[in-house]
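**Student:** Read top to bottom, the protein sequences are chains A and B. Sequence positions in the first sequence follow my numbering and run 1 to 384. Sequence positions in the second sequence follow my numbering and run 385 to 546.
Be careful, since some hints might not be right.
To be verified - Straight-line C-alpha distance at most 25 Å; calculated PhoX-like pairs for lysine-lysine:
1. A:K198 x B:K458
2. B:K401 x B:K452
3. B:K464 x A:K380
4. A:K279 x B:K458
5. B:K452 x B:K464
6. B:K452 x A:K375
7. B:K463 x B:K452
8. B:K421 x A:K198
9. B:K401 x B:K519
10. B:K401 x B:K421
11. B:K463 x B:K401
12. A:K238 x A:K198
13. B:K458 x B:K421
None of these hints come from the bench; they were simulated from the model.
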Amino acid sequence: MKAGGSSDRSLEHPIIWIAVIAGALGSILILKAVAWLAFPLILAIVLYYLVQPLLQSLQSAGVTPGQALGIFLGAAIVMTLIFSVTILPSMLSSLSEFQNQIPAYWDRLQIVIRDNLLALEGRFSFAKNAKLADGLEEQLNLFLASSGKEYVADVALFLLHWLPSLLLVPFLTFFFLRDGTAFHRLVLRAVPNAFFEKTLLLFDRMDAQMRAYFRGMFGLTMLDTVSLGLGLWFLGHKPGIFGFWDAMFLGLICAIFAWVPYIGSGLGGILAVATVAVKAPQSSGLMVAVVFLFLGVRLLDEFVYTPMTVGRALRMHPLITVMMIFSGGMLGGVYGLLLAMPLLGIFSVLGQMFAEVWFDPRLRARYHARGMLEKMLASKDLGI
Amino acid sequence: MNLANLFRPPPMDPMLKIVSEVAIFRDCNRAELEALKLHLHERHFLAGEIVFDEGEEGEGMYVVIRGKLRANRKGLLAKKLLGVIQPGESFGEMALLGAGPRMATVVAEEDTTVLAMFRPELMALANARPRLGYKIAMGVALVLETRLRRVAEGQSPEPSST
Chain A
1 MKAGGSSDRS LEHPIIWIAV IAGALGSILI LKAVAWLAFP LILAIVLYYL VQPLLQSLQS
61 AGVTPGQALG IFLGAAIVMT LIFSVTILPS MLSSLSEFQN QIPAYWDRLQ IVIRDNLLAL
121 EGRFSFAKNA KLADGLEEQL NLFLASSGKE YVADVALFLL HWLPSLLLVP FLTFFFLRDG
181 TAFHRLVLRA VPNAFFEKTL LLFDRMDAQM RAYFRGMFGL TMLDTVSLGL GLWFLGHKPG
241 IFGFWDAMFL GLICAIFAWV PYIGSGLGGI LAVATVAVKA PQSSGLMVAV VFLFLGVRLL
301 DEFVYTPMTV GRALRMHPLI TVMMIFSGGM LGGVYGLLLA MPLLGIFSVL GQMFAEVWFD
361 PRLRARYHAR GMLEKMLASK DLGI
Chain B
385 MNLANLFRPP PMDPMLKIVS EVAIFRDCNR AELEALKLHL HERHFLAGEI VFDEGEEGEG
445 MYVVIRGKLR ANRKGLLAKK LLGVIQPGES FGEMALLGAG PRMATVVAEE DTTVLAMFRP
505 ELMALANARP RLGYKIAMGV ALVLETRLRR VAEGQSPEPS ST
């Protein structure tokens with residue numbers, strides 16, 4: 001999230017840039033340490049920004065803020081109940097079916113990779129000399145025997161961490177929606193008079209940027225899901241590989257992967273190709289078609305969807321982006337990968353805010369003048 | 385216990401009562417003022433402290449609750465006093481129309497309490513409650529019309545023409 005215009009100048013100060021990067025990476029570490037709280041908190045903030053326009057529309061129809069929140073909560077509870085009764089049971093049964101099929105999928109994936117590597121060895125002598133197929137099999141067996149179990153344990157621990165804490169999401173969102181304005185006022189009360197107006201302005205700018213970013217990301221995810229889902233369904237429904245909802249679900253997972261810039265869409269593509277490889281190992285043409293589908297959606301993403309939703313103003317330099325993602329991943333694992341860019345965006349705006357307020361000599365002079373007035377007032381009867 | 389009291393609304397917050405008497409908000413009803421209250425920021429200024437400077441980017445207006453302020457403009461040789469702002473008066477309304485520079489410097493003459501209203505917050509409120517937005521816009525227009533009239537008649541504008 002990068003602000004445009006004159007405020008960019010404030011980020012030219014090297015100390016501010018170092019502080020912005022250090023702040024973003026430091027908060028990845030902190031968020032990782034309290035992941036059980038950070039995960040629902042971030043989801044609640046995203047939900048807050050998504051739900052806010054609905055409440056505003058209700059209010060403009062003449063409903064009070066409290067009533068608007070009540071109507072929304074009522075509708076959300078009814079929809080959750082309907083979802084739990086209708087869609088959830090079939091989703092759970094599909095999930096448990098998928099879980100049972102994981103070993104079979106894994107075996108088939110290994111066979112597909114081995115077959116392709118053997119074909120490569122047959123064609124190129126360097127591949128034969130490198131014993132690619134045997135090497136990979138050995139590596140996979142080693143992985144399964146040692147760290148594979150560890151990874152599975154990590155994933156299980158990760159799920160145990162965040163699944164129960166998801167219950168916090170509606171609770172936090174409710175209070176953000178209900179008391180957000182009061183909390184905003186409370187925070188602003190701590191701002192000295194000299195910086196008050198400027199801080200209000202910058203807070204508003206930050207709020208607008210976060211709102212645009214989260215709503216944009218939501219829109220982008222939906223567009224990616226629909227494009228990929230429809231594409232996968234179109235390619236896979238005739239050979240019986242994907243049903244409509246399977247394709248949409250896979251599209252959604254790939255769209256979520258794409259939250260991680262550069263690396264994410266590649267990982268999503270690999271996942272989709274691997275799924276096709278496992279479900280229809282003989283249809284290499286289909287695998288190529290899926291690769292082209294991903295490239296096509298990537299281009300759409302780049303030139304149509306992103307400018308339509310998140311906008312180009314939120315872009316960072318690719319070098320900074322890649323460095324931040326890798327550093328984030330190293331420090332915070334999955335959290336770091338997903339949060340590196342949004343956190344860098346938030347800290348950039350905070351850095352701008354601080355620089356604009358603190359490096360304004362007139363505002364600082366007024367701040368110090370207030371201090372002197374307070375001192376004079378406190379020592380008035382002391383005769384000094 | 386007087387049963388009639390049950391149907392009487394609770395007394396209005398004294399600060400909100402002062403706001404309700406400010407020209408811009410005079411047409412707002414109780415419910416609208418209560419909605420407005422959520423977006424008011426109470427600030428305390430010491431005698432001699434600057435509220436805002438002439439030429440600074442303006443972002444909101446203020447209503448004086450307690451104390452006294454004076455509005456100055458830079459003159460050729462010295463500062464020119466535009467006037468004194470008393471409790472129940474407002475200043476800085478021009479900032480509600482757009483982020484132009486402030487027309488004067490406002491300084492607290494004695495310890496002062498003001499309520500600040502910030503333009504983006506008021507705009508958001510006006511979006512959510514268009515009727516209230518219309519009333520505020522009309523209020524600002526009326527205040528500016530009064531000032532223009534005073535200037536046209538050769539009088540100095542009110543001190544709140546900041």
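**Student:** Each hint needs a verdict: does it hold in this structure or not?
**Tutor:** The hints, checked one at a time:
1. A:K198 x B:K458: At roughly 22 Å apart (the allowed maximum being 25 Å), K458 (chain B) and K198 (chain A) satisfy the hint.
2. B:K401 x B:K452: Answer holds: K401 (chain B) to K452 (chain B) is near 18 Å, not above 25 Å.
3. B:K464 x A:K380: Measuring from Cα to Cα gives roughly 30 Å; hence the hint is violated.
4. A:K279 x B:K458: violated (79 Å)
5. B:K452 x B:K464: Holds, at about 17 Å.
6. B:K452 x A:K375: OK: K452 (chain B) and K375 (chain A) at ~21 Å, within 25 Å.
7. B:K463 x B:K452: This hinted pair holds, its Cα atoms lying about 18 Å apart.
8. B:K421 x A:K198: Satisfied, since the Cα-Cα distance of roughly 21 Å is no more than 25 Å.
9. B:K401 x B:K519: holds (17 Å)
10. B:K401 x B:K421: Between K401 (chain B) and K421 (chain B) the Cα gap is close to 11 Å, so the pair holds against 25 Å.
11. B:K463 x B:K401: violated (34 Å)
12. A:K238 x A:K198: With Cα atoms ~60 Å apart, K238 (chain A) and K198 (chain A) exceed 25 Å; violated.
13. B:K458 x B:K421: It is violated: about 34 Å lies between the C-alpha atoms, which goes past 25 Å.
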